[in-house]
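Input sequences plus hints: build the corresponding full structure.
Each chain is listed here by its residues.
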Amino acid sequence: MDQLNYKEQQEFQKILYTNLVDRCFNDCVNDFTSSKLSTKEDTCLNKCAEKFLKHSERVGSRFQEQNQILMNQMRGGK
Amino acid sequence: MDQLNYKEQQEFQKILYTNLVDRCFNDCVNDFTSSKLSTKEDTCLNKCAEKFLKHSERVGSRFQEQNQILMNQMRGGK
Amino acid sequence: MDQLNYKEQQEFQKILYTNLVDRCFNDCVNDFTSSKLSTKEDTCLNKCAEKFLKHSERVGSRFQEQNQILMNQMRGGK
Amino acid sequence: MSFLGFGGGAPQISSEQKIKAAEAELDMVTTMFNQLVDSCHKKCFDKNYADGELSKNESLCIDRCVAKYFDANVKVGESMQSLGRSGTLGQNLR
Amino acid sequence: MSFLGFGGGAPQISSEQKIKAAEAELDMVTTMFNQLVDSCHKKCFDKNYADGELSKNESLCIDRCVAKYFDANVKVGESMQSLGRSGTLGQNLR
Amino acid sequence: MSFLGFGGGAPQISSEQKIKAAEAELDMVTTMFNQLVDSCHKKCFDKNYADGELSKNESLCIDRCVAKYFDANVKVGESMQSLGRSGTLGQNLR
Numbered sequence: 001m002d003q004l005n006y007k008e009q010q011e012f013q014k015i016l017y018t019n020l021v022d023r024c025f026n027d028c029v030n031d032f033t034s035s036k037l038s039t040k041e042d043t044c045l046n047k048c049a050e051k052f053l054k055h056s057e058r059v060g061s062r063f064q065e066q067n068q069i070l071m072n073q074m075r076g077g078k
Numbered sequence: 079m080d081q082l083n084y085k086e087q088q089e090f091q092k093i094l095y096t097n098l099v100d101r102c103f104n105d106c107v108n109d110f111t112s113s114k115l116s117t118k119e120d121t122c123l124n125k126c127a128e129k130f131l132k133h134s135e136r137v138g139s140r141f142q143e144q145n146q147i148l149m150n151q152m153r154g155g156k
Numbered sequence: 157m158d159q160l161n162y163k164e165q166q167e168f169q170k171i172l173y174t175n176l177v178d179r180c181f182n183d184c185v186n187d188f189t190s191s192k193l194s195t196k197e198d199t200c201l202n203k204c205a206e207k208f209l210k211h212s213e214r215v216g217s218r219f220q221e222q223n224q225i226l227m228n229q230m231r232g233g234k
Numbered sequence: 235m236s237f238l239g240f241g242g243g244a245p246q247i248s249s250e251q252k253i254k255a256a257e258a259e260l261d262m263v264t265t266m267f268n269q270l271v272d273s274c275h276k277k278c279f280d281k282n283y284a285d286g287e288l289s290k291n292e293s294l295c296i297d298r299c300v301a302k303y304f305d306a307n308v309k310v311g312e313s314m315q316s317l318g319r320s321g322t323l324g325q326n327l328r
Numbered sequence: 329m330s331f332l333g334f335g336g337g338a339p340q341i342s343s344e345q346k347i348k349a350a351e352a353e354l355d356m357v358t359t360m361f362n363q364l365v366d367s368c369h370k371k372c373f374d375k376n377y378a379d380g381e382l383s384k385n386e387s388l389c390i391d392r393c394v395a396k397y398f399d400a401n402v403k404v405g406e407s408m409q410s411l412g413r414s415g416t417l418g419q420n421l422r
Numbered sequence: 423m424s425f426l427g428f429g430g431g432a433p434q435i436s437s438e439q440k441i442k443a444a445e446a447e448l449d450m451v452t453t454m455f456n457q458l459v460d461s462c463h464k465k466c467f468d469k470n471y472a473d474g475e476l477s478k479n480e481s482l483c484i485d486r487c488v489a490k491y492f493d494a495n496v497k498v499g500e501s502m503q504s505l506g507r508s509g510t511l512g513q514n515l516r
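Residue numbers (my numbering), protein chains in the order written: chain A, 1 to 78; chain B, 79 to 156; chain C, 157 to 234; chain D, 235 to 328; chain E, 329 to 422; chain F, 423 to 516.
Hints were generated in silico from the structure; no laboratory data involved. Fair warning: this is a prediction, and the values are worked out from it, not measured in the lab. Among the hints, a few may not be true.
Unchecked claim - If you want a taste of the chain B side facing chain D, the calculated C-beta under 10 Å gives, among others:
hint, residue
1, Tyr95
2, Asn97
3, Ser113
Every residue gets a Cβ at the ideal spot worked out from N, C-alpha and C, and that includes glycine.
Following this line, the structure appears as structure tokens:
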């Protein structure tokens with residue numbers, strides 16, 4: 001139970017991915033006078049995606065550390 | 079895989095339905111001095127539901143078109 | 157079908173629990189100059205959790221009553 | 235557990251399908267219940283948690299909020315039916 | 329139903345796994361579709377429901393919103409690939 | 423993967439149930455992780471994406487945000503227990 005298998009990993013990434021798209025779309029795209037992304041929107045999407053990704057990775061690392069601490073406190077893990 | 083079966087369609091509609099109810103309730107109902115819907119709230123709910131439904135249908139059509147374009151670009155679909 | 161089994165109950169509670177944590181964290185914790193909860197945040201979390209729990213229970217009771225009324229209207233239940 | 239008439243009108247289905255239908259049903263009731271908890275929490279509370287008890291006003295607000303949510307639910311269901319949109323949306327993704 | 333290239337690149341899998349993969353696929357398309365409906369609803373409507381019909385401006389806004397959402401999707405997918413982050417995130421939870 | 427003590431206290435269960443329990447467990451960790459990512463994103467970033475890198479302040483904020491989220495989690499769990507509410511909520515829907 002300590003490993004995510006292939007399917008679970010894929011699923012995990014898809015959730016993250018759909019959240020990332022949704023978040024960055026909502027923060028970066030606000031002009032609907034055209035159906036093409038403007039240069040400004042395009043740049044914003046790139047930076048937002050990069051930042052969100054790095055953010056998620058950092059949260060993931062801290063999450064693991066905190067989880068480990070907690071499990072050690074409870075009974076040295078399982 | 080190109081068709082939603084009966085069960086999947088039902089499920090899809092239920093998600094849409096619960097989102098619709100939640101969205102329209104949040105936008106239209108704001109007075110809690112009574113437990114009955116006012117005429118104004120009632121009208122708002124009807125219009126909101128109708129509009130949200132038409133919105134969803136339009137998004138659905140565009141979604142399909144865009145998805146088709148994308149799949150054609152990738153390799154002519156599967 | 158009228159009873160939630162053990163697993164379903166657990167699941168139901170977990171959803172409620174994660175929502176409760178998320179809600180109270182968002183409402184109570186806003187200072188990130190420290191990694192320890194302040195006394196104020198701590199108190200807020202306790203009150204928030206207690207209140208959210210009582211809120212959920214009350215909603216649960218009303219939900220059941222309304223559902224019962226509705227099912228009686230439809231055909232006297234199943 | 236049947237809710238708002240969902241889960242009743244399905245055609246002849248096997249007992250395995252019945253279990254799956256019941257699970258889907260429960261998923262939806264759970265989703266709706268959580269949305270209800272969330273919406274009425276937004277409508278009836280401010281973010282200032284001075285007290286862990288429900289005040290009388292808050293309790294009243296919750297009761298009315300749930301009642302109105304149910305009415306809104308029925309209302310919206312009727313709107314959908316009168317617009318003849320009970321089978322078209324899922325088909326859009328076919 | 330394949331969407332944005334997901335679901336294509338899996339290694340050899342059994343037919344039971346294929347069904348599960350297809351279900352996961354559908355889950356994701358459903359999630360994304362609902363986020364899309366929600367985001368474009370926020371972008372294109374105010375909360376004043378005076379009329380049940382879509383106005384011409386609202387219809388135009390919806391069409392552009394969906395087109396831009398798809399472009400954003402592709403864009404973000406490319407960003408992720410160029411950052412070489414296609415397999416690392418799930419592993420964080422190992 | 424056990425998280426915050428969930429998943430440990432179940433009565434005797436079969437191996438099929440264990441798999442289901444593990445799947446439910448994973449679902450919850452995934453949900454909570456995504457809420458955490460989302461909450462700390464709201465707390466630590468403005469919507470002005472001038473740079474793709476995390477600044478030093480943002481990184482610090484993330485670290486503290488995760489630590490506090492975990493503490494809040496434990497705190498809330500204790501509140502629930504001290505209120506004796508570990509088995510009553512799901513029963514409301516019976």
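These are the hints, each one checked on the structure:
1. Using the Cβ-Cβ criterion of 10 Å, the hint placing Tyr95/B at the interface with chain D is satisfied: the shortest such distance is roughly 7 Å.
2. Against a cut-off of 10 Å between C-beta atoms, the interface hint on Asn97/B holds, since the closest Cβ of chain D lies about 8 Å away.
3. Residue-level restraint check for Ser113/B holds (minimum Cβ-Cβ distance to chain D is 4 Å; threshold 10 Å).
In summary, this structure violates none of the numbered hints.
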